[in-house]
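Between the sequences and the hints, there should be enough to build the whole structure, so can you do that?
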Amino acid sequence: MTFPDAPAMSPSGMSPSGMSASVIVELEGVSVSFARPVLRDVSLRVAPAETVAIVGESGTGKSTLLRLILGLLQPDRGQVRVQGRAMASIAPRELRAVRSDIGMVFQGAALFDSLSTFENVAFALRERGQLSESEIGDRVRETLALVDLDAEQVAATLPSQLSGGMRKRVGIARAVAARPSLLLYDEPTAGLDPLTSETVTTLMQRLQTELRVTSVIVSHDVRAMLRIADRIALLHDGAFAFLGAPDAMRASVEPYTHAFLAAA
Amino acid sequence: MRRPIQTFLLSLQDVLLLCWQIVRAWPGGRGAGARLLAQLDAIGVRSVPIVLLTGLFTGMVLALQASVQLAPFGATLFVGRFVAASMLRELGPVLSGIMVAGRVGAGIAAELGAMKVTEQLDALETLGAEPVRVLVLPRVLAACLTVPLLALIADAAGLIGAALVSSAYLGVPIRAFWGAALDQIALDGYVAGVIPSDLVQGLAKPVVFGLILSVLACHHGLRAEGGTAGVGVATTRAVVSASITILIADYFLTQLLLVLV
Numbered sequence: 001m002t003f004p005d006a007p008a009m010s011p012s013g014m015s016p017s018g019m020s021a022s023v024i025v026e027l028e029g030v031s032v033s034f035a036r037p038v039l040r041d042v043s044l045r046v047a048p049a050e051t052v053a054i055v056g057e058s059g060t061g062k063s064t065l066l067r068l069i070l071g072l073l074q075p076d077r078g079q080v081r082v083q084g085r086a087m088a089s090i091a092p093r094e095l096r097a098v099r100s101d102i103g104m105v106f107q108g109a110a111l112f113d114s115l116s117t118f119e120n121v122a123f124a125l126r127e128r129g130q131l132s133e134s135e136i137g138d139r140v141r142e143t144l145a146l147v148d149l150d151a152e153q154v155a156a157t158l159p160s161q162l163s164g165g166m167r168k169r170v171g172i173a174r175a176v177a178a179r180p181s182l183l184l185y186d187e188p189t190a191g192l193d194p195l196t197s198e199t200v201t202t203l204m205q206r207l208q209t210e211l212r213v214t215s216v217i218v219s220h221d222v223r224a225m226l227r228i229a230d231r232i233a234l235l236h237d238g239a240f241a242f243l244g245a246p247d248a249m250r251a252s253v254e255p256y257t258h259a260f261l262a263a264a
Numbered sequence: 265m266r267r268p269i270q271t272f273l274l275s276l277q278d279v280l281l282l283c284w285q286i287v288r289a290w291p292g293g294r295g296a297g298a299r300l301l302a303q304l305d306a307i308g309v310r311s312v313p314i315v316l317l318t319g320l321f322t323g324m325v326l327a328l329q330a331s332v333q334l335a336p337f338g339a340t341l342f343v344g345r346f347v348a349a350s351m352l353r354e355l356g357p358v359l360s361g362i363m364v365a366g367r368v369g370a371g372i373a374a375e376l377g378a379m380k381v382t383e384q385l386d387a388l389e390t391l392g393a394e395p396v397r398v399l400v401l402p403r404v405l406a407a408c409l410t411v412p413l414l415a416l417i418a419d420a421a422g423l424i425g426a427a428l429v430s431s432a433y434l435g436v437p438i439r440a441f442w443g444a445a446l447d448q449i450a451l452d453g454y455v456a457g458v459i460p461s462d463l464v465q466g467l468a469k470p471v472v473f474g475l476i477l478s479v480l481a482c483h484h485g486l487r488a489e490g491g492t493a494g495v496g497v498a499t500t501r502a503v504v505s506a507s508i509t510i511l512i513a514d515y516f517l518t519q520l521l522l523v524l525v
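For the record, the sequence lines run as chains A and B.
With my numbering, the residue at position 75 of the first sequence is 75, and numbering never jumps.
Here my numbering = 1-based position in the second sequence + 264.
To be clear, the hints were calculated from the coordinates, so they are not data collected in a lab.
Computed from a predicted structure; not experimentally measured.
All C-beta atoms in this analysis are idealised placements derived from N, C-alpha and C, irrespective of residue type, glycine included.
Worth double-checking, as some hints may not be accurate.
Unchecked claim - Some chain B residues close to chain A (C-beta under 8 angstroms, calculated; not the full set): (1) Asp386; (2) Ala387; (3) Thr390; (4) Leu391; (5) Gly392; (6) Ala393.
If you want it as structure tokens, here you go:
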């Protein structure tokens, strides 16, 4: 499941050939500033079915990377391409088409408060209008089962009636309901107790295996990421201090990477 | 001085841009009917009690105040005229607009603001739905449709309240009160020979007030930032800006309608 040219990867994550045929997500020389520079000349390529984890201290621009991939934010410099399409110059209709193939799991789940669990998970399916109501019902039940939730028990409940762990799982179910080829996770285990955190991590691992979906995971939980990611990118001071396989990260002698792992 | 002007102009630009996005979002796509119905209920039906009470007591106070002014001239019988002209042309529309801005505008800004700070708006976009189409358009349409009807309810409640006070405390028979009120409506003329011009004014203004309060509430809600404190700020701004804009717009609309109707 690893990116074919990962061993020969440059620190930027670009393959030596510069080819983009088998690339789902491509960030090229991306810089973003708000009040201060957040990302500086960041490059990353994610291959189909690959799982890339982005770790780093708080405020280093991890979530900003996800917003760039979704086209919710435009870079000051550089290019972001998803499925080969440049997100900065894309027409709104095409942007919706690209997004329809992306599932996003938000840090706080971001479930719609006024909708039931069933309606939350069914939302994207109904928006697309490609399935009948009975097919949507089947898909929602199937997806809730995929994240270990009993549809009969939770379908009618409102997000406010769910525990933190259940909300995360419903958030994941909503993201994968339309079977996207790219899944983005923003701190999927933040704010969860260790046991629930472990359940969500195992769930992400299972989804990778069962759905063969490309994943970009932003997380502070570097131990869990070392276990489930094909590659790990460590953001520090707006750039990648490390980008490579988990084993290479464990063996890294780069001072910041070493210190970050030691503190984790 | 430069900064407030710059902030105001930027906000104005954002509001105009939002209006353009609303026009482009028309007719609202799949599920638009259900979303509109839900908002008609939330904005219109649920505002009836507050508008009813506001209209009723305003009419009662108007009758008392009118009697104080008219009694020295022995013209207490004309209370109906005074109340009808005031309620239908001004107080019904303006009070309904401001009451709905307070109740509904605050609710819209708080709801959208909470959705913004909890990333639900981002979630909507990533799930292929545009927030303006799904959230803003139905609220704006519902406000434009229901505020005129609420103004009518306020008018009716005000006239009934004034009739009760006139009859109970001022010794004006109910029939005389309604006769005077209808005389006033007839005196102000009819549009196309059928629709009382007072009513045209009273219904045209609330459409604009509904637009103002809903667009400003959505604008402030969508731009909320900084967690729950930001939602509070957005809510306050929505109510204050909508109330002031309604009062300013009322003056210019009155000038325009006095020429047109």
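request  = With chain A as the partner, please determine if Asp386/B meets the hint condition of a C-beta pair closer than 8 angstroms.
outcome  = 6 angstroms, holds
ask   = Any CB of chain A closer than 8 angstroms to the CB of Leu391/B?
value = For Leu391/B, the interface hint holds, since the closest Cβ of chain A sits about 4 angstroms away, which is under 8 angstroms.
ask   = Quick one, is the Ala387/B hint okay against chain A at 8 angstroms, beta carbons?
value = Given a least distance of 4 angstroms, the restraint on Ala387/B holds.
ask   = Minimum Cβ distance from Ala393/B to chain A below 8 angstroms?
value = 5 angstroms, holds
key: Hinted contact Thr390/B with chain A - closest CB pair below 8 angstroms   = 4 angstroms, holds
ask   = Minimum Cβ distance from Gly392/B to chain A below 8 angstroms?
value = 5 angstroms, holds
Hint compliance for this structure: no hint is broken.
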